[in-house]
Amino acid sequence: MRFEDDDTERKLREEVGRVLAEPDVAELLAEVRTSGLAEPDVRPLYRALGRRGLLAVGWPVRYGGRDAGHAAAAAVAEELVAAGVPDMLHVLSVQIVGAFLAQAGTDEQKERHLPALAAGERFATVLYTEPETGSDLAALRCAAVRDGDGHRLTGTKVWGLKSSFSDLALCAARTSRGASKYDGISLFLVDLNADGVSVGSVPGIADEQFDRVELDGVHVPAADLLGEEDEGWPLLNRCLAVERTGLDYSLKARTWFTAALAGIGAADDALAEAVGRRGAQAEAARLLAWEVISGLDRGEADPVAAARAKYYTSEAAQEIAVWAALVHGADYGWRELPADAARTLEAAYREAPGLTLSAGTSEMMLELVASALPGRSGEEAAGGPTS
Amino acid sequence: MDLRADPLVRRLAAAVRDAIGHNPDQPWEALRRVEAPALEAPAAVGGFDLGLTCGIVVSAELGRRASPDVYGAVPMAVESLLAADGDHRAAAALAGGERPVVSAGLDAAVPGGRPAPRAERTAAGWSLTGAVPAPDGAPPGADLCVPVRTGEGVRLALLPAAAWSERAAGERVDLAGIELPGDALGGGLDPADQAGPLARARVRHAGRLLGLGEGALGLAADHAAARKQFGTALLGFQGVAFPLAKAEIDLAAARLMTARAGWLADAGRPFGTAAAEALALAAEAALTAVRTALQVHGARGMSREAEVSRYLPAVRRAVAHLGPVGALWREAGRHRLAERRAAEAAPAEGE
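Residue numbers (the UniProt record's numbering), protein chains in the order written: chain A, 1 to 387; chain B, 1 to 351.
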């Protein structure tokens, strides 16, 4: 085990610092941070980062990356978030859809899509959930009907994010009805500018608004079917483990904990104890995420470790956001909290309920972890106490 | 970072586990067989100098079987004796496994713990007063480490078996009248010493707590998979499965924090706060895991025949072994606040 950066990670962190200090990038970041908008358009900033090769360092060089691996990509993500770069569009576009394509796409699909995503020229999101389909994703109704050499998709997708900033979407739809509801699901890359796509929103309490995307006979060419037709379910499950490193949630936990400390001067025993607990929680969340990331770099996507990390990191971030409200008051005015920290924590409190729902609810994660429990008696736990 | 499992650590864990085998109540000879007493000790006293990471493994494997802690006092006594430039022969004997050593009353060294026994200087050495709790499961002939308050703060005293074993009465060991030679006291046990024997003991002991939690959880998971109620395995009920899963996740978090503290110590980095956080997390995770495991076993878990029943008294002693958990959290919290203030002040100073 190594609880410090290797040379690649360290150099990349330094490079991110240098790039963010370059005048044009610094100006774009300042615009995002001072826009006053609940959901500023981060695409110009991402393009600037993409031009400098920082959006997808883990991907192969031929697809716009640097072949640096998952850990290196995580180091870059940590530095960007620490500097105040909003990460949701990056998480969706690069860490989820791009990573999915890199795993499951054909060479042609990768050539066509990944370089643009890595450069920040195009952006992607996911269209999984539906009004009547939450955790039970296999119950989805969105229909994909054969049409010539492609399919036409019809259905409603909700609770996604960033569709209005995205050019394409990874969409799950039903292509047939098999013996099981897990049969007959297929995955498509949908052009969000295609005829028949309408993007709206579901007004919500968080800064980032939920999407409502209507698909009305949207034509998707055969070239944009991901994997084999009707066999999307196992692909989806395999790739969800890549999505669930918990890194983005652990970064929220750390950001929000740091913001909460900004207004705390002297602490009585009770407050010092709470600070100790929340600090350790944020630290442990980071380690659990990095445990999954370390596994990915050796080609092992462990769905149980991923579920463990997703559960702990999202619960930790949520608890820290709620704790910050208790410490600083409903208007974050009980202490000398700087205005930017107060804004961060106020938004965090409204965002926090979604963390334990998105990318698999906490209850689903507990199901996954529980299913792997038997057979441990007399054996070391996963990885052992010092693995 | 690379948090992949270390194969050598896994092999060490398996070796210790196999050695303990079917005799979890008397594990000293098993530890001797795998030369565990020498693992952390420096080469100068015949040890292998393999670091705190190995100590965590041994402690965890003893905890996993709810075995008495016959390991933790060995490296602590060796470190303490060497730090004080005390009796090197005694340190070498301990590292060589020539005789066992256990500890008692270590919570006296930390804020919120019991009052420490006292050691007064005499012409020949030291004279002790006070008492400590009787150590649990001490092997025959074991030396005893206890913290004693001296004019120079709290130090670790090493009591030969002959000096203390006759004085154990019920749950206490009366130290009054024990006379020790001048080199029998080790270095200071200052909780503010962020890299001293106490900080290292915290990391090792976090390993023990993790083992206790994981051992109990393993028994509970197997029971929940085998035992049927209402025609379904207990694990099929979310009301049973979810608390077990939560306990497993909290233990995993504490496991990584403990490994990190050990790694930092072995790399020569500051690890005091990491040690306090690891111990506090491990203590709470272990206690919850054991309580959950008892609940899942039902009434049969409270019978002495049930393996899981051994974990309940063991975890209570282990949680309190190095002082109140709340004190650890307060220490860690104040350190984080100080770090934050230092970070805020740094740019201003540079301007």
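It is possible that part of the hints are untrue.
Derived Cβ-Cβ restraints for the label pairs, each shown as a range [unchecked claim]: (1) B/G239 <-> A/R10: 54 to 60 Å; (2) B/R118 <-> A/T8: 52 to 58 Å; (3) B/E339 <-> A/D195: 43 to 49 Å.
To spell it out: a stretch of chain A is covered by chain B in this simulated footprint if at least three of its residues, at any positions, have a beta carbon under 8 Å from a beta carbon of chain B; those stretches are [said to hold, decoys possible]: (4) 170-180; (5) 303-312.
Source of the hints: derived by calculation from the structure; they are not laboratory data.
Predicted, not measured: the structure shown is a model, and the values here were computed from it.
Positions of the beta carbon are idealized from the N, C-alpha and C atoms, including for glycine.
Structure-based check of all given hints:
no. : hint                          : in the structure
1   : B/G239 <-> A/R10: 54 to 60 Å  : 47 Å, violated
2   : B/R118 <-> A/T8: 52 to 58 Å   : 55 Å, holds
3   : B/E339 <-> A/D195: 43 to 49 Å : 56 Å, violated
4   : 170-180                       : violated (count 0)
5   : 303-312                       : holds (count 3)
In the structure shown, a violation is registered for the earlier hints numbered 1, 3, 4, in ascending order.
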